[in-house]
Amino acid sequence: MRRVALIVVVVVVAAVLGFRFLHKGDANNSARSYELAQATVQPLWIKVSATGTVDPIVQVEVKSKASGVVERLPIEMGDFVKKGQIIAELDTTEIKNQLEQGEAALSVASQTVRVKEQSLRRTEELAKSGLVSQQDLENAKLDLERAKSDEVSNRLAVANLKEKLDDTVLRSPIDGVVLEKRVEIGQVISSGVSSYTGGTAIAVVADLSKVYVKAGVDETDIGKVAIGQKVEAVP
1 MRRVALIVVV VVVAAVLGFR FLHKGDANNS ARSYELAQAT VQPLWIKVSA TGTVDPIVQV
61 EVKSKASGVV ERLPIEMGDF VKKGQIIAEL DTTEIKNQLE QGEAALSVAS QTVRVKEQSL
121 RRTEELAKSG LVSQQDLENA KLDLERAKSD EVSNRLAVAN LKEKLDDTVL RSPIDGVVLE
181 KRVEIGQVIS SGVSSYTGGT AIAVVADLSK VYVKAGVDET DIGKVAIGQK VEAVP
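For the sequence shown, the positions run 1 to 235 when this note's numbering is used.
Read the hints as simulated data drawn from the structure, not as lab findings.
Since we're looking at a predicted model, the values are computed, not measured.
Heads up, the beta-carbon is just placed ideally off N, CA and C, and yes, glycines get one too.
Don't take every hint at face value.
[Unchecked claim] With beta-carbon atoms standing in for the labels, derived distance ranges:
1. V193 to Q111: 32 to 38 Å
2. V225 to N160: 56 to 62 Å
3. Q135 to G84: 55 to 61 Å
4. E100 to E184: 28 to 34 Å
5. R171 to I46: 45 to 51 Å
6. E94 to G228: 57 to 63 Å
7. V213 to E61: 19 to 25 Å
[Stated by the list, open to error] With a Cα cut of at most 20 Å, we get these calculated DMTMM-like pairs of lysine to aspartate or glutamate:
8. K210 to D175
9. K162 to E94
10. K63 to E89
11. K116 to D143
12. K82 to E180
13. K162 to D150
14. K83 to D167
15. K181 to E76
16. K65 to E89
17. K181 to D79
18. K162 to E151
19. K63 to D207
20. K116 to D136
21. K63 to E163
22. K96 to E71
23. K82 to D167
24. K82 to D166
25. K164 to E100
26. K210 to E232
27. K83 to E61
28. K181 to E71
29. K141 to E124
30. K148 to E103
31. K116 to E151
32. K162 to E89
33. K83 to D166
Construct all of the structure, not just a fragment, from the sequences and the given hints.
Okay, structure coming up:
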């Protein structure tokens, strides 16, 4: 019985000591939880969060004026390109063959003009001497004009072929970043000028120096938003 009484006393003493220790700790914590300070007016920051998209203001879809097979494509998505930098090159075999034929035809036409000019001068001299008729003189003049017309036509054809050859090299129209690469080497593309479908898009280049953010604000937060407020965009 005395042993039981002794255990009870020890338990009671331990409980009392523990209570006083905890009470003392709470008092110290309470004392440290509060700090007196001068009341001042401070701004109250209220943030409104919304998810959205970042879109470039200037974005260009690059298409080719020429049709053909993509032979070279020195770009990848995310690459930074300068204005005038090569984006793609098309196969030029067919156009070069046409250009070679056109230049040969132009050479013949130019030579024909020189021959007709000499013929006209001889006919004019003979006409002065009365050795040829006026009709022969008129025919010589007409032959020269026809030869000059053929020369002009061939020169224009060569110029057009040279322009087509230049069009097989696609260059970036702006400084920017390649957002999309829509073709691969070996793919056949159609012209953006002659095709009724609008042609094949080679790539999309965007100027990311200026962008705009499109975000939807919840209707419960719309009253907290006003024109001129600062906005922070976090990727």
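- [ ] List, from low to high, the hint numbers that the structure doesn't satisfy.
- [x] The structure conflicts with no hint, since it agrees with every one listed earlier.
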